[in-house]
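Enquirer: With chain Z's structure known, arrange chain U on it following the hints.
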Amino acid sequence: MKNKTLDVIGKKNLYFALSLIVVIPGLIALLLFGLNLSIDFTGGSRLTVSFPQKVEKTTSEKIKNILVKENLKVSTVEISGKSILIRTSPINQEQNTKFISTLSKEFKTAKETQFETIGPTIGAETTANAIKAVLLASVLIILYITWSFRKVPKPASSLRFGVSAIVALIHDVLVVVGIFAILGHFFGVEIDSLFVTALLTVIGFSVHDTIVVFDRIRENLRKSQGSFPQIVNDSILQTLDRSLNTSLTVLLVLFALLLFGGETIKWFVVALLIGVTSGTYSSIFNASPILVVWQEWSEKRKKV
Amino acid sequence: MKGSPRFLFFSIILLTLVSVFINLPNLQKISLGPVKNLNIDPSSFLRTLRISKNLEFRRGLDLEGGTSITFKADMTDVSGSQKSDALNSAKTVIEKRINLFGVSEPVIQTATVNGDSRIIVELPGVTDVNQAINLIGTTAQLSFWEQGATESAKTASPSAFPLGITEILGPGAVKTSLTGNDLESSSVTFDQNTGNPQVQLVFSGKGTEKFADITKRNINKIVAIVLDDQVIEAPRVNQAILTGNAVITGGFTLDKAKLLSTELNAGALPVPLSVLEQRVIGPTLGIESLRKSFLAGVIGFLIIVVFMSILYGRLGIIASIALVIYALLVLSIFKISNLSPYGITLTLSGIAGFILSIGMAVDANILIFERIKEEKRLGKKQEESIEIGFSRAWPSIRDSNISTLITSAILYEFGTGVVKGFALVLAIGVLVSMFSAIVVTRTFLRFFYEK
Numbered sequence: 001m002k003n004k005t006l007d008v009i010g011k012k013n014l015y016f017a018l019s020l021i022v023v024i025p026g027l028i029a030l031l032l033f034g035l036n037l038s039i040d041f042t043g044g045s046r047l048t049v050s051f052p053q054k055v056e057k058t059t060s061e062k063i064k065n066i067l068v069k070e071n072l073k074v075s076t077v078e079i080s081g082k083s084i085l086i087r088t089s090p091i092n093q094e095q096n097t098k099f100i101s102t103l104s105k106e107f108k109t110a111k112e113t114q115f116e117t118i119g120p121t122i123g124a125e126t127t128a129n130a131i132k133a134v135l136l137a138s139v140l141i142i143l144y145i146t147w148s149f150r151k152v153p154k155p156a157s158s159l160r161f162g163v164s165a166i167v168a169l170i171h172d173v174l175v176v177v178g179i180f181a182i183l184g185h186f187f188g189v190e191i192d193s194l195f196v197t198a199l200l201t202v203i204g205f206s207v208h209d210t211i212v213v214f215d216r217i218r219e220n221l222r223k224s225q226g227s228f229p230q231i232v233n234d235s236i237l238q239t240l241d242r243s244l245n246t247s248l249t250v251l252l253v254l255f256a257l258l259l260f261g262g263e264t265i266k267w268f269v270v271a272l273l274i275g276v277t278s279g280t281y282s283s284i285f286n287a288s289p290i291l292v293v294w295q296e297w298s299e300k301r302k303k304v
Numbered sequence: 001m002k003g004s005p006r007f008l009f010f011s012i013i014l015l016t017l018v019s020v021f022i023n024l025p026n027l028q029k030i031s032l033g034p035v036k037n038l039n040i041d042p043s044s045f046l047r048t049l050r051i052s053k054n055l056e057f058r059r060g061l062d063l064e065g066g067t068s069i070t071f072k073a074d075m076t077d078v079s080g081s082q083k084s085d086a087l088n089s090a091k092t093v094i095e096k097r098i099n100l101f102g103v104s105e106p107v108i109q110t111a112t113v114n115g116d117s118r119i120i121v122e123l124p125g126v127t128d129v130n131q132a133i134n135l136i137g138t139t140a141q142l143s144f145w146e147q148g149a150t151e152s153a154k155t156a157s158p159s160a161f162p163l164g165i166t167e168i169l170g171p172g173a174v175k176t177s178l179t180g181n182d183l184e185s186s187s188v189t190f191d192q193n194t195g196n197p198q199v200q201l202v203f204s205g206k207g208t209e210k211f212a213d214i215t216k217r218n219i220n221k222i223v224a225i226v227l228d229d230q231v232i233e234a235p236r237v238n239q240a241i242l243t244g245n246a247v248i249t250g251g252f253t254l255d256k257a258k259l260l261s262t263e264l265n266a267g268a269l270p271v272p273l274s275v276l277e278q279r280v281i282g283p284t285l286g287i288e289s290l291r292k293s294f295l296a297g298v299i300g301f302l303i304i305v306v307f308m309s310i311l312y313g314r315l316g317i318i319a320s321i322a323l324v325i326y327a328l329l330v331l332s333i334f335k336i337s338n339l340s341p342y343g344i345t346l347t348l349s350g351i352a353g354f355i356l357s358i359g360m361a362v363d364a365n366i367l368i369f370e371r372i373k374e375e376k377r378l379g380k381k382q383e384e385s386i387e388i389g390f391s392r393a394w395p396s397i398r399d400s401n402i403s404t405l406i407t408s409a410i411l412y413e414f415g416t417g418v419v420k421g422f423a424l425v426l427a428i429g430v431l432v433s434m435f436s437a438i439v440v441t442r443t444f445l446r447f448f449y450e451k
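Respectively, the protein sequence lines represent chains Z and U. Position 34 of the first sequence, counted from 1, bears residue number 34 in our numbering, the numbering being contiguous throughout. Position 316 of the second sequence, counted from 1, bears residue number 316 in our numbering, the numbering being contiguous throughout.
Keep in mind that the hints were calculated from the coordinates and are not lab data.
Below are the DSS-like pairs computed for lysine-lysine, each with C-alpha atoms no more than 30 angstroms apart in a straight line:
1) U:K256 to Z:K111
2) U:K292 to Z:K108
3) U:K258 to Z:K98
4) Z:K105 to U:K256
5) Z:K223 to U:K376
6) Z:K111 to U:K292
7) Z:K266 to U:K292
8) U:K258 to Z:K111
9) Z:K73 to U:K72
10) U:K373 to Z:K12
11) U:K292 to Z:K54
12) Z:K82 to Z:K111
13) Z:K98 to Z:K54
14) Z:K223 to U:K380
15) Z:K57 to Z:K108
16) Z:K151 to U:K376
17) U:K420 to Z:K266
18) Z:K98 to U:K72
19) Z:K151 to U:K373
20) Z:K223 to U:K373
21) Z:K266 to Z:K54
22) Z:K223 to U:K381
23) Z:K57 to U:K292
24) U:K175 to U:K216
25) U:K72 to Z:K132
26) Z:K11 to U:K373
27) U:K420 to Z:K132
28) Z:K105 to Z:K82
29) U:K256 to U:K210
30) U:K292 to Z:K82
31) Z:K132 to U:K83
32) U:K258 to U:K91
33) Z:K302 to Z:K12
34) Z:K108 to Z:K64
35) U:K256 to Z:K98
36) Z:K303 to Z:K151
37) U:K221 to U:K256
38) U:K380 to Z:K151
39) U:K96 to U:K258
If we strip away everything but chain Z, and leave its shape as in the complex, we get (with noise of 0.2 angstroms):
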């Protein structure tokens, strides 16, 4: 009962105000920096040595020379625990062996745990597919909705729930994006294929999250006699038990896996996290006051 003098949509402009706080930092660092895109999307080599103990600054400095001593290009090396995590241009099996061979010469403890070599073909595909999936994904989403909402009683129509829905998960992808340009620059977290899989699991959860607010809606438009904008408040006041109890959820089993699910998904859960906390923010405070605003400027239009 706390919540609910909670008044969502006489304050949506600092709802949208505080979104844009989030994401125009991140759409900055995108655009000044880039996206620091691993050998998935780039093509390259991605080699692990491992050792019995942690690994020293020395240590990784040698490894790097021996890298450098046969002509390859090292763009990364990072020391993880008890490893080392080597980012190359693309190494051939001929090299690598030489490689192991100088390797085990030089460090008898040391072994190689992991060698990926991924041709550029290979990179642009990834990249070309990963795009391809979230622009087909948001317009299958867009029909979806428009087609489930067909039924919905004026003033709303169908077509605007599909698109605010979207424009939600628009926002939780930059939020995503944008924080991981700024990772990315500061501290060299990767974009790798697991990052578009969280990428897009972030577009589902925000759906998902959306429609359940949507169909309160729809659903109190159909009995409701009050005005459009007090329709919508009521309707996420009642959600707003469940919205935050599913995101809790889902954010408790992210954190264990943050925190025991090792280092290979460190990132793709990161990624998790922020998306599922986006989109459950965008869900309750800008998708349906999005809806309200349309509606509003909708009716001034026909009064001019």
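Expert: Frame of chain Z; chain U shown alone:
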């Protein structure tokens, strides 16, 4: 409707027991209190049905360790209509080679992307990529060359000549019609005099005839044996050989001889292959990832159970039971799918998808319970509130899950390896979660609240 919840309730219990059985690990000779030497093996049931496959999770390379190689098939010499045939026969040859090599459960797929023909090979447990690429990638085109009838004989353009052949056979060297396809079999034998390994060839009926013809017309002349544009041996023919047997001595090491024999037995690759992408994951890294994600899954699951029970009390406990059933069902589907050609491979991202789908399964329950709470606030009775809660929450559950299914379908269509696995698991998770939230939870509530 009176008898229906009870019937459904016991059906669900039965389904759960079946899932528990399917998910039992395969344990041999364990002792449980007074019972000694107990064998637990869910697959034994399949054997009585004469199905030889085992009920097991198929683990992806990221969890199992192994090698994945993407080859590009060079189709420049193949005409358009025969491309898919060439690709499929290349796949068959690779399958044969890998089977002879003795890798368990290899995955070999073909794909055509933007006009490129590709073959993707996954070898669990293999960490020596060199060996794997050498085995798979060599074309193993065996051919036999002889001197031309006259010095001026016009043959194929010199560029198609194997290296150094003109030095051995003169500029008019001619390729005979005898190739690796005429082989019946090959094996490794040892030279009786020197003890060196050699490759024994046995020709098929047609091959025997061809070989006899070639040796007849080339007595006291040289015949070159060529493998992949390289002359491996150029013996002088002493007499016509009519038995269809030949030996390549070629100065091999034992490993080389074994490899060549394996390749010849599997047949030649119809097209040359080049490596586009390769990944090797060490076995320790794989086990580490599996252990960690399993732990994360269990902890995530416990958090949900505790959280739901705190939020919704008795309803939450019932939802948690439904959630356990949900997890058992999904895991059973993973195991059972491996009996079909469409087996689901568990990867790291797949496990993440599964854990996430648990979160989404909970959402359906939360939607329903919040609705029930609301109806109760309006003064309705418990039973009535439950029924209304379910029917009112249904459109939201339906629409939100369909949008997730749309996303996972697109991910599956456009995604590569990792993304595909995630999408499939998410889609299965969403479908089963709808069943568990609507059918299982509802039946349990009806069963417990009717009394």
